[in-house]
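**Student:** From first to last, the protein sequence lines are chains Z and U. Under our numbering, residue 145 is the last one in the first sequence; the count climbs by one each step, no gaps. Under our numbering, residue 155 is the last one in the second sequence; the count climbs by one each step, no gaps.
Everything labelled a hint here was simulated from the structure, so no lab data went into it. Keep in mind that a hint or two might mislead.
[To be verified] Calculated pairs, PhoX-like style, for lysine-lysine (alpha carbon to alpha carbon, straight line, at most 25 Å):
id, chain 1, residue 1, chain 2, residue 2
1, U, Lys-52, U, Lys-114
2, U, Lys-57, U, Lys-126
3, Z, Lys-79, Z, Lys-99
4, Z, Lys-79, Z, Lys-132
5, U, Lys-126, U, Lys-100
6, U, Lys-126, U, Lys-52
7, Z, Lys-132, U, Lys-100
8, Z, Lys-132, U, Lys-114
9, Z, Lys-132, U, Lys-113
[To be verified] Among chain Z residues calculated to face chain U with C-beta under 10 Å, some are:
id, residue
10, Gln-36
11, Ser-39
12, Tyr-66
13, Gly-73
14, Lys-79
15, Leu-81
16, Glu-131
17, Leu-133
18, Thr-134
19, Gly-138
[As the list claims (entries may be wrong)] A few chain Z positions that, by computed beta-carbon distances, are all more than 10 Å from chain U:
id, residue
20, Ser-56
21, Val-59
22, Thr-102
The C-beta atom is built at its ideal place from N, Cα and C for all residues, glycine as well.
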Amino acid sequence: AQSVTQLDSQVPVFEEAPVELRCNYSSSVSVYLFWYVQYPNQGLQLLLKYLSGSTLVKGINGFEAEFNKSQTSFHLRKPSVHISDTAEYFCAVKESNFGNEKLTFGTGTRLTIIP
Amino acid sequence: DGGITQSPKYLFRKEGQNVTLSCEQNLNHDAMYWYRQDPGQGLRLIYYSQIVNDFQKGDIAEGYSVSREKKESFPLTVTSAQKNPTAFYLCASSPRTSWELFFGEGSRLTVL
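For reference, chain Z alone in the conformation it holds in the complex (with noise of 0.2 Å):
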């Protein structure tokens, strides 16, 4: 079965400083990878997403992620954040077997950007 590991709860990072937000997963398959965001009191909304090809991801915001098969891990990173970067972000992994339809969602990495 599979299963992600978000293991920082809270992350605080000083405005224009950079930031990675660690994501690891276990699947005895291939699989697809995602990051989302989360303000506050609202839905979730797609950062970007591995489902094949190029390991290393960009996606909105400026926010971009690396696939790395061997450590089994998909970690978010920003050169630089924003005030407007602080929110809730959850890493998400799905196996790519056919028949398997279910999205797992990682606990969230809280981050918070200090002026």
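Following the hints, complete the assembly by docking chain U onto the known chain Z.
**Tutor:** Relative to chain Z, chain U alone:
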């Protein structure tokens, strides 16, 4: 505009009452999902449906029920059997081609 509409946004109910949360989408997506969100626990899958008139239990289906009579609609009923119903409920839909989930704005249920 295309999207997913959840209603109501806020709902208060007394313990022991059944509650139905509405979810409608006009994205023509085949798949629809219900997630429950609690602080520090991320999103947990309650039920999902890949086609009309068919649905499967997720990881925490006990105390919930759903129906999928139309492609556009996937209502969730929180029954009196659900031990801790107070939570934020999120509905989502997805096309089969990309597996990207499109979320509604959520419904916050408080049981008094």
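**Student:** It remains to establish, for every hint, whether it holds in the given structure.
**Tutor:** Here's how the hints hold up against the structure:
A hinted pair counts as satisfied when its Cα atoms are at most 25 Å apart, and Lys-52(U) with Lys-114(U) qualifies at roughly 22 Å. With a CA separation close to 13 Å, the supplied pair Lys-57(U) and Lys-126(U) stays within the 25 Å bound. A threshold of 25 Å between alpha carbons decides the hint, and for Lys-79(Z) with Lys-99(Z) the separation of about 15 Å falls inside it, so the pair holds. For the proposed pair Lys-79(Z) and Lys-132(Z), the alpha carbon gap of about 16 Å is at most 25 Å, so the pair holds.
Simply put, Lys-126(U) and Lys-100(U) have alpha-carbon atoms about 17 Å apart, close enough for the 25 Å limit, and the pair holds. For the suggested pair Lys-126(U) and Lys-52(U), the alpha carbons sit about 21 Å apart, so the restraint of at most 25 Å is met. For a cut-off of 25 Å, the pair hint linking Lys-132(Z) to Lys-100(U) stands: about 10 Å separates their Cα positions. For the given pair, Lys-132(Z) sits about 19 Å from Lys-114(U) by alpha-carbon distance, which is consistent with the 25 Å threshold.
Restraint check for Lys-132(Z) and Lys-113(U): satisfied, since their Cα atoms lie roughly 21 Å apart, inside the 25 Å limit. Checking Gln-36(Z) against chain U: minimum C-beta separation of about 8 Å stays under 10 Å; hint holds. A cut of 10 Å between beta carbons decides the hint on Ser-39(Z): the least distance to chain U is about 7 Å, and the hint holds. The interface hint given for Tyr-66(Z) is met, as the beta carbon of that residue sits about 8 Å from the closest beta carbon of chain U, less than 10 Å.
Look at Gly-73(Z): its Cβ gets to within about 3 Å of chain U, closer than 10 Å, so that hint holds up. At a threshold of 10 Å, the smallest CB-CB gap from Lys-79(Z) to chain U is about 6 Å, leaving the interface hint in force. For the restraint placing Leu-81(Z) at the interface with chain U, the shortest Cβ-Cβ distance is roughly 7 Å, inside the 10 Å limit, so the hint holds. Hint status for Glu-131(Z): holds, given a least beta-carbon distance of 6 Å to chain U, under 10 Å.
The restraint placing Leu-133(Z) at the interface with chain U holds, with a minimum CB-CB distance near 6 Å, inside the 10 Å limit. Given the 10 Å rule on beta carbons, the hint for Thr-134(Z) holds: about 8 Å separates it from the nearest Cβ of chain U. Hint status for Gly-138(Z): holds, given a least beta-carbon distance of 5 Å to chain U, under 10 Å. At roughly 15 Å from the closest C-beta of chain U, the C-beta of Ser-56(Z) stays outside 10 Å, upholding its exclusion from the interface.
With 10 Å as the threshold on Cβ separation, the claim that Val-59(Z) sits away from chain U holds: the shortest Cβ distance comes to roughly 14 Å. No Cβ of chain U comes within 10 Å of the Cβ of Thr-102(Z); the nearest lies about 18 Å off, and the non-interface call holds.
Against the hints set out earlier in the document, no violation occurs for any number.
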